[in-house]
Amino acid sequence: MAEPEQLVVEAERQAAAATTVDELSAVRTAMTGKRSPLVAARKALGDLEPDARKEAGQALNAAKTAIDEILSAREAELSAAARAEQLAAERLDLTEVTELAADGHLHVITQTWQELEDVFVGMGYRVAEGPEIESEWYNFGALNFPLGHPARDMYDTLYVDYGEPGTTLLRTHTSPVQARVMENQEPPIYVVAPGRCFRQDTADATHMPVFHQIEGLVVDRDTTLGDLAGTIEAFTAAYFGPGFTSRLRPSYFPFTEPSAEFDIQRPDGTWLELGGCGMVHPNVFEACGIDPEQWQGFAFGFGIDRLALIRFGIDDLRELWTNDVRFLGQF
Amino acid sequence: MKVLLSWLREFAPDIEGEPEHLAEVLSDLGLAVEELSHVGQGLDGIVVAEVLATRPHPDADRIHLVDVDAGDGEALQVCCGAFNMAVGDLVPLATLGTTMPNGMEIARRKMRGEWSNGMLCSGAEIGMGDDHEGILILDQGLSLGAPLTEALGIHPDVLFDLEVNPNRPDAMSVMGVARDLAARLGVPFAVTAPQVVEVGQPAAERAAVSIAAPDFCQRFGIRVLDNVPSGPSPRWMANRLLAVGQRPINAVVDLSNYVMFELGQPNHTYDLDLVPGGELGVRMAHRGEQLITLDGVERTLTIYDGVIVNRDDEAIGLAGVMGGASTEISADTHSVLLEAAWWDPMTIARTARRLGLRSEASARFERGADSEIIPMALDRFAELAAALGGTTSPDMVDAIGNRPEPITVRVRSQRVNSILGTELSTDEMTDLLEPIGFACESSGDSQEFEVSIPSWRLDSATEIDVIEEVGRLHGYSKITRTVPVTEQAGALTPQQQDRRRIRALLTGMGISEAMPLPFLAPGDLARAGLGDDGITVTNPLVAEESIMRTSLRPGLLKAVAYNAARRTTGVSLFEIGRINPGGGGDLPDEHEHLAVILAGEEATAATTLWRRLARHMAVTQPGVANGPVDGLHPGRSGQVLADGQPVGALGEIDPQVLDAYEIDERVAWLEVDLGALLGADRGLAPYRAPSRYPSSDIDLAFTVPDEVSADEVAATIAQAGGDLLDSVSLFDVFRSEQLGEGCRSLAYTLRFEAADRTLNDAEVAQARQSCIDAVTTAHNATLRG
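Chains as they are written, first to last, in our numbering: chain H, 1 to 331; chain S, 332 to 1116.
Since the hints were made in silico from the structure, they are not lab data. Treat each hint with caution, since some may be false.
[What the hints assert, rightly or not] Under the rule of at most 20 Å between Cα atoms (straight-line distance), these lysine to aspartate or glutamate pairs were calculated in the EDC-like manner: (1) H:LYS43 - H:GLU5; (2) S:LYS889 - H:ASP324; (3) S:LYS889 - S:GLU932; (4) S:LYS809 - H:ASP263; (5) S:LYS441 - S:ASP390; (6) S:LYS889 - H:GLU319; (7) S:LYS333 - S:ASP492; (8) S:LYS441 - S:ASP398; (9) S:LYS809 - H:GLU233; (10) S:LYS333 - S:GLU494; (11) H:LYS34 - H:GLU69; (12) S:LYS333 - S:GLU355.
Model, not experiment: these values are computed from the prediction.
Looking at chain S on its own, in the form it has when it is part of the complex:
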């Protein structure tokens, strides 16, 4: 929403101060100034000139030579890159010595051998509109050589570009912004009632409105105007519209826009001759009803759209969104029906969104326009039209739908201070509220007052809404800052601490944390050798973001492939992230997983990693169960076990999957459901003092069939070794021809120890034998050597 300082001053003439200060005040009121610009300045030296002749540049195609008369009757040659002017046109000429608003200095100079004695200006170059392409063609009748500012009535002005929040329908108008600003600055704010001279037949005899959708249309006002001007609007009006970003079209359109910007009330004009009997109606559209809108597009409507209909119940306009083509104003239009109405915000929002027809008008209706302003908006249009020769029929047609009762709110002063942290008196509160139209009435109790919510604040209806207004007008920056004190000790939960422990362990092992996008494209899971696609996104912008992942594997494989394609191999990455494996109750199941990918490593690297992770996180009975896992190498994969339960998978990525990702090295993989690891009860194992007596180590090597895992053998030894066995660890594995097919040698170191004595040879020998017997019996293994 752009507003000019001069326009604001029409409502509050005493607004003073540096523009930068005013911008801060506006921002502090919640009308954030996104841009502050000075317009109509830096135009000294730019004059009105007439095009006398144009001719090609002898040595250049992209520029031509233009002779202009800048008031002295002399032909002045200027080189120009735009070709949109004709002999006799009036154009702005930046004379020699002029400094343009952008800082460029105009000097006499040669362009490809021809002298240029100044520069002809586009609208954009002098802050009048956005047109960079052509030279601005001025209205005829201006005096040659006159300073442009004088000729066009341009005054130096300040433009504020405001960001208006959805809860501020009132601030979508110059009047509303002026009201807020005046209130904060403590200067008077006044709205002058438009003066309308009425002539001829009363409006009620020329027009009528019936409302068949009274909730959708709370009010529909009409004025009838004759002799509407067909030419351009006055320069001052066009200048203002240009400044706020609205291109001037013609007098009727410009008047309509001007009133909307000024008062916040969108309005629409119908060619009276094209509306039989001047009769309009409002109803909801029929399903499938057709309407050609002003832009020439045929619209198919739904029962949720509101329409304006004629006497024959034919839709002639899309209420509040866009008028119909059939009643459009033309150069031949003599009389118009001027509509100013109030439409239901939600309905307008839905229609505008569905049809992609958001406009300045729909933006205002969506926030909630002010039904009380309708008569004034009609009058203002009539007043401005009168200055251009328009005449207005007496009275307005004022059709009323279901209008809500005005709202009054009981406000407790103590509550205001309690929410805001202020110590304002009741009088101070009402002094803040009254200037923005929140009429306050004492309720007899000095600690309470009644507030009448103004019609232009549809967002306000409750005590908290009023409290916000008190705070806003008082100024958030004036509120004393305090920091609440809590008796609670801040802390991470055990789960959150564990997440950090895991991250610290992994980074300490040289593994970096990756962050792949959590979305997948169709086929990504299949490419990674995983099962069916996961939960789909209903409205993704691109297919790559259409599926929620069921595993962290596709993302990390992509990361490894990305780095491999950039000649970095051997990448180690991990991710902690959520997955949606399918299933669920009210919401889909969501699991937090840890995945580690080790490029250039074999499957057992994943086992080692899991062991270290499990030890670090004190997982009870961590294990690995060999067996095929989807997407992993069938002979080099297994389940991750904690407490005997599967909590993940590990191994090596299936070579076929690696081919699909164009990865040329072995890739080890570990993925664990963190639900099983985080927040585990740790540190409960009783302390065991290190033995003071020497321990004895013995090594045992067995020939073991391939089907038996090294873990199983170790578990058997651990059980057979009994209390004296302190630890058992695998230290060597080998296969050979002597050993034969289908088996290998597994060598373990066993350490025996007692807490209370030095073990004697007989005890160790006995324990050793127990271990040997157990392994050979349980696993069809033989002791080697």
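Chain H on its own, in the form it takes in the complex:
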């Protein structure tokens, strides 16, 4: 029977010889398993005299402890080496990527449209909508453009073949939504109506037969022209930022009176003509079933497309409609 000390030496030799965790596992079985010399020696202890048995038992226990420590230490070494090898083998060059998945981009018109909606929602407005193919009545009649009124010529209207000739058209502005809202909602009314509009126009850098506008309408008990000017100013600050101011200049629209153009002054002092506005004309209120002696209101409207051009530094309106991904992907 081997001496315990020899067993420890042998274990040390075999553990050092093991080069993998699996090999070490075999060594552990051989050295401490059921059929190991250590276990056999322990079984043989019963044959000894009590005194000798005690001494030999202590020696065996010490050897067992020593062997376990040797094996654990070696196992730690081997696992660390294995892990290091695996990690080394898994090394990646993180710039080895073949394809960048495309980003999706919202169209610049949508981005501008949503920003405008957000500004007005923040000011307490709701967002209204209306049809793009509109009746002559809502586009003109309800808005105080009597039939044959020369002001109708200011709008190069596109008509469609539907119903009686001249009764159905592609809306030339978002203002018909004003009339539709007033017909369907009791005041007070605070709405904006962004939408697509159409004109008989030849496409060039600054004109398109299709464009987008946003309309605002407020109807309340004592809404004033001062409220209109203040609202335009508040919008200007909210949308364009600090340092931008606005002014109103008298103008003419059949559906508002007094009417005005509104301009935005940039921090560098230059002006941008933005849109039209005014106090809702009493004839419009009456056409929509609202008593102009009880309610007052204002409306304003301006183009979304041109704002998008300015905001993104685009110099040709036609670019908005090409759908070239090299354009779409920039915004």
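Got chain H sorted already, so can you dock chain S onto it with the hints?
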């Protein structure tokens, strides 16, 4: 509308201030100044010179040499690129050292070896008209060497180019602009009555007017003039006309234009000898009536056009739009009938538009001229003509049609302040109104007053019109700005929020938003394999914009083709837009659609997309029903279902359509009617806590005939699996020779789970068997392996 500051000052001499300030004031009055320019300035150094000789340049074809005498009797050689002068002509010479209005400095220099000692000027170069081509030939009789400004009576002046709104007929005249400006500046405004010396036979004995269309013609005034000058108009008048953009023609035409610009009243002259008996009439034209207008064009008239007729009822003029050729003034004209009339704005607008004859005159009549100004306009013409030797018969012929009563408006001061947001007193309001001719009378009540609308403001008739005038004259910029407060919380509707959710989902999936034009050309729908053309546009400018779309497909196909032609394939785009599928009530039906086009993808990519969209939008029972769809690959297309109802189509674009668009890759397609998706009731499904007990997965593979869709099999499994089945998902599909033609293997993972316990093997086995039995029975399928 262009106005000169000097001309404005003839009505309001005290108008003072920097031109830039005056421009701001005009804009603030609603007369937007589009351009402010200084005229008659920067002409120092330009003198009158006489052409002594011209000869070719020895070394150049495009310029020649001109010898001029600039007053010192010496011949001065100048190189010149214009050839329109003759020996003896007087021309403007920019002498050496002159700085031209455009900043160019004139120095002695050699041009192709010949010295040029100055420059001969065109009208455009010195701010006199638009002619860039030729050298300005000056009137004879000017002294050589005299500064041009002195010789021509040119004074430094300021020109305002105003944008006049359709509701401001009064501002279409120098007088009207001066009235507004003087009122705002608080300086006096006055109109001096023209002085007419009358001689000879009274007008009434030489001319007559009968009005047979009294609504169309409210007033028709005539003066008869003799000895009308045939030469050019005086220089000062020509200078003014040039400055406001009107080319001088001859004295009679220039006088007519001058009076129109000054007072806003268009007028017309007839050669009296060509008007039998001097008798004129006004009536509406007969249908098909012919008239040769001044421009020599034969016009065919309608009953909506007004005409001037002679004694024989023959049309000799298109009222308010253009005179007739038969009575035109010529060099031989001795006596003229001068007409100043008021015409119905709508009639003039219609005629001018129909015949494409818009003019300075029709522009004024369309807005509504001032019938009260007619006598003064006639007198002003006579006064100016007298300075040129013309004489005027006593009196005017003044024919009157149906004239409306003058309008008075009751104005409530409180209402004015309530609309404007001001706190003006009644006196302050009337002080603003009186200077622009809105006469105000106290009504006894200090809170109200009566306003008489002046004849030159046909746009004004109601209280709100007067309120606008108060606001305008007070100044919009002086009104205190306030922001109205609403109790309403601003918000997007659920539909509008959903649109944003969809856009966010799609862009998050790498799909960009496109914006194709909503118009189509004839044949575009057929090219995309779609049905009949949609609603047509009645008056498109180009055929490409003549049809409203019935589908978003042609636009997105065009976008993919556009990018493919620029070597970008695999493009993924979506659009949210309106279509008009046909049908409708008062208005055509209008649907909002979402379409997604995935170039380089197969049909199932569209299914995956629809599933994700449906899940994201909580669509109830989303599905796909295989089957042919117009314009899509017949074996790779189907209907999109929501709640069992068709709401769109998906699949792959028909290869034939792709050929037509020259697209070389497969293209997956999804189009959904958003009406079915937006604003759906979401979040109502009761919350279900995740089970605390382990779930069990089993895989089942079936051989299934091709006619049965994978969805149908999954639905059968889902039903058979009962409450214990947590999910079923397809994970593998394959076809092989062993399986045979007409069928394929579909493999699903089934996950079983209970909320209150761990399932035992027997329970799972039983559920598994139920699923197998259901599928094999329902779909003629067999379990594999």
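Evaluation of the provided hints:
no., hint, verdict
1, H:LYS43 - H:GLU5, "holds, 17 Å"
2, S:LYS889 - H:ASP324, "holds, 11 Å"
3, S:LYS889 - S:GLU932, "holds, 17 Å"
4, S:LYS809 - H:ASP263, "holds, 16 Å"
5, S:LYS441 - S:ASP390, "holds, 12 Å"
6, S:LYS889 - H:GLU319, "holds, 15 Å"
7, S:LYS333 - S:ASP492, "holds, 4 Å"
8, S:LYS441 - S:ASP398, "holds, 15 Å"
9, S:LYS809 - H:GLU233, "holds, 14 Å"
10, S:LYS333 - S:GLU494, "holds, 9 Å"
11, H:LYS34 - H:GLU69, "holds, 18 Å"
12, S:LYS333 - S:GLU355, "holds, 15 Å"
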